[in-house]
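Kindly produce the complete structure, drawing on both the sequences and the hints.
Going line by line, the protein sequences match chains A and B.
So that you can map any letter, position 6 of the first sequence is 147 in the working numbering, and since no number is skipped, the others follow by simple counting.
So that you can map any letter, position 31 of the second sequence is 56 in the working numbering, and since no number is skipped, the others follow by simple counting.
Honestly, the hints are just simulated from the structure, not real lab data.
From the three backbone atoms N, C-alpha and C, an ideal C-beta is built for every residue, glycine too.
Wrong hints could be hidden among the right ones.
[Unchecked claim] Which chain A residues face chain B? A few, computed with CB under 7 Å, are given here:
#1 Ala170
#2 Tyr173
#3 Lys183
#4 Gly184
#5 Phe187
#6 Asp190
#7 Asn239
#8 Phe242
#9 Pro244
#10 Gly245
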Amino acid sequence: GESVGLHLPTLSVQEGDNSIINCAYSNSASDYFIWYKQESGKGPQFIIDIRSNMDKRQGQRVTVLLNKTVKHLSLQIAATQPGDSAVYFCAEMGYGQNFVFGPGTRLSVLP
Amino acid sequence: DSGVTQTPKHLITATGQRVTLRCSPRSGDLSVYWYQQSLDQGLQFLIQYYNGEERAKGNILERFSAQQFPDLHSELNLSSLELGDSALYFCASSVQGGSGNTIYFGEGSWLTVV
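This is the structure we're talking about:
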């Protein structure tokens, strides 16, 4: 069945460095992907999305890359800040599907 | 602020009891989703409504039910509660319900069953 997974459950980075959070998906029919950020005790917050007809999309300090060949999605955060510490989820959706969320990666920003 | 409102924010109840969680979607959104998040699990999809009708069902227990009202707000009813039902319950909404529609989450309702 369809599934979304993450390569790394935890990631620690130095403040100011760039962060890369990875995600693998198994359903090649998925055509829409979203990254969410969840801070402790709060709801998932939309960060950035990408459709399958694109391979890269940039936002403010964040970039999402989509490699459909290997079914891989990544979130890059530039100049990571303490406020970026959170759990990051990727989610995929395709026609007739509901969003499938990965287990999440915890990002810890070290001072 | 996502624009999705959930009440109550916290709820403590005893086993065997029944509770109702309420959700108001973002203005203009027709689709409402319910998710459960436990400590040992990620976001588990429970159920989706679109314009008052059930659109999709996920891992929702028979003890749980939901509905979406004409004003588009939604309620999730949890009955015969068990300790394992303790979790964070999220409501999310989107304009429509298909692929390509971003879903926005509320802040969640913390349910503790004692």
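Can you list which hints this structure breaks, lowest number first? The structure breaks only hint 1.
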